[in-house]
Amino acid sequence: MADVSERRLRPIQEAVESQNWKQALQLCEKWHKKGEKSDRFQALRAYVLAKQQDTGSTRRGRDEIVQLCNRSPAITDLDTIYQIQNALNDLGIEDDGGRRLWERAAAARPEDKEIAVTWLDEAINRCDWQSAQKATMALRRSSPKEHDYEFWSILMCYLLYQDQSVSEKEKNMFGALAYRLLAKAAEAVAQDKEELLSAGKAIQSPEELSLLVRVYLNTGHVGEAKDLLMDSKTLGPQSAIFKLDHDLHRLLQLEVLRAAEDWPAILTELRSAVQEPSPENVQTSRMFDMLLEAGEQKDNLNFLSEMREILNDGLNVHSDSRDLRYGMIRLLQLQQARDRCTADELLGACKQYFVSRCEQLSCFDELQSPLEVLDASFQQELIEYAGDHMKSNLELAAASTVPLLNALKLEYCFLITPNMAAQPARDFGCKVVGAYRDLCITKRDSGEPGAQLAMLASMALLRGSQAVQEGIVDCNLQNGSHLQAAFLLHYCLKRSRDSYPTLVVLTRLSTLLGAISFSATCFKRLSIKNLQWENAGHLFLTRLSTIHPHRSKDIEGTFDPLQLLDLAVAANAKSLRSVKRLIMVGLNNKSYVNVMETIALRDDLKRSFSKQMYCIESARTKRLRHILDSEKESVLAALFVDRRDFSFIPSFGPSSHKPFSHYLETGPRPKDGWLRVMKICGAIMDLLEEAYHEPQTIAPNNVQDLASVIPNIPKLLKAFSEQLTNSEISNCNYQYHLGRALTLRLLYHQQQPAPAPESHKADFDNAIQSIQDWLNATLENFKERPFNHSTVISMVGTAIAPTWEYLHSAFSTLESLQATALFLAGQAKASKTKTKVKNPFTLPADQAKGIRELVEQVEKDMHDSARTMKANLNASGVLGGMVDVVFGRRAENEGSTGGSHGPGQGQGEGKFGGGGAVTASFGKQLEKLPDAETVAEEFCGEVRQSWEDALDGVLSVRVKRYK
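In the numbering used here, each residue's number is its place in the sequence shown (first place is 1) plus 7.
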């Protein structure tokens with residue numbers, strides 16, 4: 008009989024999936040007349056009725072679904088429950104009995120564990136912790152001897168205690184319940200340490216003990232947790248649970264002691280740990296962190312001196328211990344800030360640390376923070392000491408490049424300051440390139456030390472290019488420096504295995520240069536997958552829609568940015584599904600703390616800033632490519648979680664200065680303000696498309712909601728200007744005027760009877776005038792300056808290539824022009840519609856024609872600019888001129904005509920690679936690298952091809968002509 012029902016239901020489900028509701032109803036009525044009465048069929052039939060167009064069928068279907076929820080006997084078939092639940096969610100009537108659907112099924116069949124487990128899984132997926140807690144109680148009733156269900160119930164009570172949507176009274180109730188249940192579980196543990204752990208409700212594993220500590224500390228029972236873990240025979244250091252995982256137990260003890268602020272006890276533990284045969288372990292490092300963190304926060308603590316004695320005693324026994332030495336300089340750093348030790352003492356400890364650790368790549372990172380609290384004279388002394396140490400230990404210097412690398416990092420960090428002139432930074436960069444060249448000569452694969460030397464030289468080069476002379480930044484010097492730095496990193500990657508930081512910086516540098524296809528090739532080599540899109544995808548995808556929205560060919564084949572953006576969005580959904588599975592896996596494995604962390608991760612993924620940014624970039628890319636987006640991803644307006652990681656880019660500079668990543672970003676870093684502005688502008692664009700393609704489907708509430716938030720755009724642009732580029736501010740302000748004019752017309756059309764237009768006609772006219780003013784201003788800018796000196800790369804005064812800023816400005820402008828064309832098309836379509844009363848918010852034909860002509864002229868000038876630049880780029884001698892820039896040949900003489908390969912004669916404004924001897928000195932060092940000329944020609948060829956692809960992209964985006 009079940010097989011017969013299944014055969015009957017299958018065609019109905021297929022009709023539902025295709026949203027053919029009429030056919031689905033016909034099939035339902037057919038089998039209903041033939042006597043089909045299965046619960047699943049009745050649920051499906053009710054859902055189909057509720058989706059019909061006529062009000063009677065809809066009301067009848069909804070009533071039948073609610074009746075099924077409350078039916079006696081309760082429905083217990085899982086497929087039917089799923090069918091009803093999906094229908095409730097889709098129809099928005101989940102509160103009408105839906106919350107009790109699973110509860111009634113579990114009560115009807117208490118012996119059926121599958122119903123309760125499935126109910127729990129569904130509740131966890133919906134973050135419905137009250138329902139999840141009831142599901143675990145059902146499991147406890149159905150299997151009272153099952154030990155794990157007791158702790159599942161405790162965990163759900165604790166999650167309810169943490170749920171911000173629950174009332175304060177309920178939170179306190181469930182928090183107290185979790186505490187009492189755990190207290191009973193702690194009391195039930197066997198007293199005899201040699202006896203096997205007791206069964207039933209007692210704590211049996213370190214994971215369950217971890218849950219107890221988490222709950223006790225967060226519900227205000229710190230003292231009891233301390234007594235249990237430090238002194239109890241059943242859960243303390245002498246217990247059987249301690250033997251199961253003593254490392255975890257000791258970490259839990261430290262967490263409890265920190266919560267209790269029992270610093271003397273932690274000092275006692277530290278004294279014992281440093282005397283052990285192997286003092287370097289996670290617990291010792293954790294104790295250092297706790298004590299130093301407490302010392303930073305509390306002014307009246309006197310345990311720092313005792314801690315220093317303990318470390319001295321430990322170093323007497325383990326003089327070569329890295330953890331003890333590092334702990335000592337961190338302690339001296341804190342004491343020096345509190346005037347508890349002299350600068351000489353801290354400096355002496357740093358010198359000893361450098362001598363003992365200079366062969367490790369982490370040496371500089373560990374010394375940087377302690378040295379930052381010292382005066383410049385002491386920093387200079389350490390740098391000189393490091394240099395003398397290298398000179399007096401020639402065997403050390405010959406055996407490894409790492410000590411020299413650490414010494415150079417110290418010099419860069421404390422001597423090469425951002426506000427100094429360009430030349431010292433370039434001189435330092437030349438010295439680093441020399442060291443890298445020596446390493447390349449001796450070793451074919453220079454490894455990580457070589458990659459860091461190349462990175463350090465690039466940093467010095469770019470820091471020098473940021474030097475400001477008389478308040479003006481030399482853009483040509485910056486562009487030339489970017490090209491030289493990109494070449495050095497490309498050279499490094501050609502000679503050694505992929506270095507992640509090197510690939511990241513090269514990706515960012517080539518993006519700044521406007522060589523987006525080349526940048527895409529570097530980004531692909533990062534092999535970003537799954538959750539990595541959350542924290543690393545932004546390195547390339549930020550503002551990608553207005554830098555490179557088109558398909559093109561990179562070195563490895565076809566590059567489609569839209570495919571990459573959609574992959575990033577899909578990765579978020581995939582990660583969410585994986586995380587949901589991990590929650591139940593964690594419950595089955597008793598990893599309760601991991602379950603809590605996984606739930607927190609899932610909540611973060613749901614409110615991911617990265618996903619929202621990728622959705623916005625994907626939508627803008629589709630608009631520029633005239634792709635209608637039928638399935639738009641929703642962009643949340645609520646709070647978001649920003650998991651973007653910028654630490655992939657090393658800095659090697661003082662923490663008080665801007666990090667190196669700051670100089671590699673394509674404009675200001677997008678944050679919440681950027682997201683809010685782009686969301687409103689995206690809604691305007693969507694409404695423009697709908698107003699032209701499907702005006703009859705526009706919901707009045709949607710127009711009213713958008714009309715209410717559009718006036719916020721100018722305020723948001725002003726409040727969050729630090730998160731937006733100049734192009735974004737200009738174009739969003741323009742789209743604000745388009746949105747005003749559009750919503751005024753639609754609101755007038757939708758309101759019956761039509762309101763008097765006088766109150767808003769002035770607003771409409773002002774919006775249209777602002778649209779014309781912006782188009783005229785843009786056109787005038789093109790006539791005065793076809794090429795903005797700061798946004799293009801020039802060679803002997805001739806613009807040959809775009810930077811990212813040129814591309815960003817071009818595509819942003821083209822997007823606004825496309826929006827204007829849609830606006831005019833919608834206006835024209837509306838004016839042809841026959842109505843009793845003429846809409847006063849419709850443009851006259853001659854005014855619409857004038858705006859259309861302005862749009863066409865701006866588009867033509869934009870394309871002419873790109874076409875001219877492409878012709879200049881393909882001129883004879885440009886490739887050789889680029890190689891000359893890399894090696895500084897073009898800058899050797901101030902009146903250079905472009906070197907032996909230059910594309911023209913005579914001196915002109917905007918010499919690519921300007922900077923005179925500053926650029927030349929660094930270039931000469933690059934030229935001395937093995938096989939430098941060959942690699943440079945290959946590199947410059949790839950960059951030039953990327954520039955051509957970028958300009959082709961500008962030419963490929965055309966404003967659509969609507970009939």
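Keep in mind that a hint or two might mislead.
[To be verified] Cross-link-like lysine to aspartate or glutamate pairs, in silico, DMTMM-like; alpha carbons within 25 Å at most:
#1 178 - 604
#2 678 - 697
#3 867 - 945
#4 587 - 129
#5 560 - 959
#6 856 - 866
#7 597 - 214
#8 877 - 945
#9 790 - 780
#10 629 - 610
#11 358 - 388
#12 208 - 231
#13 41 - 97
#14 877 - 934
#15 839 - 696
#16 931 - 445
#17 358 - 395
#18 587 - 128
[To be verified] Now the in silico label distances, taken between C-beta atoms and shown as ranges:
#19 422 - 240: 23 to 29 Å
#20 666 - 445: 26 to 32 Å
#21 882 - 700: 39 to 45 Å
#22 153 - 588: 18 to 24 Å
#23 583 - 450: 31 to 37 Å
#24 237 - 358: 38 to 44 Å
#25 948 - 733: 54 to 60 Å
#26 428 - 588: 56 to 62 Å
The hints are simulated quantities; they were obtained by calculation from the structure and are not laboratory data.
Ideal Cβ placement from N, Cα and C applies to all residues, glycine included.
Outcome of the hint check:
no., hint, verdict
1, 178 - 604, "holds (19 Å)"
2, 678 - 697, "violated (28 Å)"
3, 867 - 945, "violated (34 Å)"
4, 587 - 129, "holds (10 Å)"
5, 560 - 959, "holds (11 Å)"
6, 856 - 866, "holds (15 Å)"
7, 597 - 214, "holds (6 Å)"
8, 877 - 945, "holds (20 Å)"
9, 790 - 780, "holds (15 Å)"
10, 629 - 610, "violated (29 Å)"
11, 358 - 388, "holds (10 Å)"
12, 208 - 231, "holds (19 Å)"
13, 41 - 97, "violated (28 Å)"
14, 877 - 934, "violated (28 Å)"
15, 839 - 696, "holds (18 Å)"
16, 931 - 445, "holds (15 Å)"
17, 358 - 395, "holds (11 Å)"
18, 587 - 128, "holds (9 Å)"
19, 422 - 240: 23 to 29 Å, "violated (60 Å)"
20, 666 - 445: 26 to 32 Å, "holds (29 Å)"
21, 882 - 700: 39 to 45 Å, "holds (44 Å)"
22, 153 - 588: 18 to 24 Å, "holds (22 Å)"
23, 583 - 450: 31 to 37 Å, "violated (45 Å)"
24, 237 - 358: 38 to 44 Å, "holds (40 Å)"
25, 948 - 733: 54 to 60 Å, "violated (32 Å)"
26, 428 - 588: 56 to 62 Å, "holds (58 Å)"
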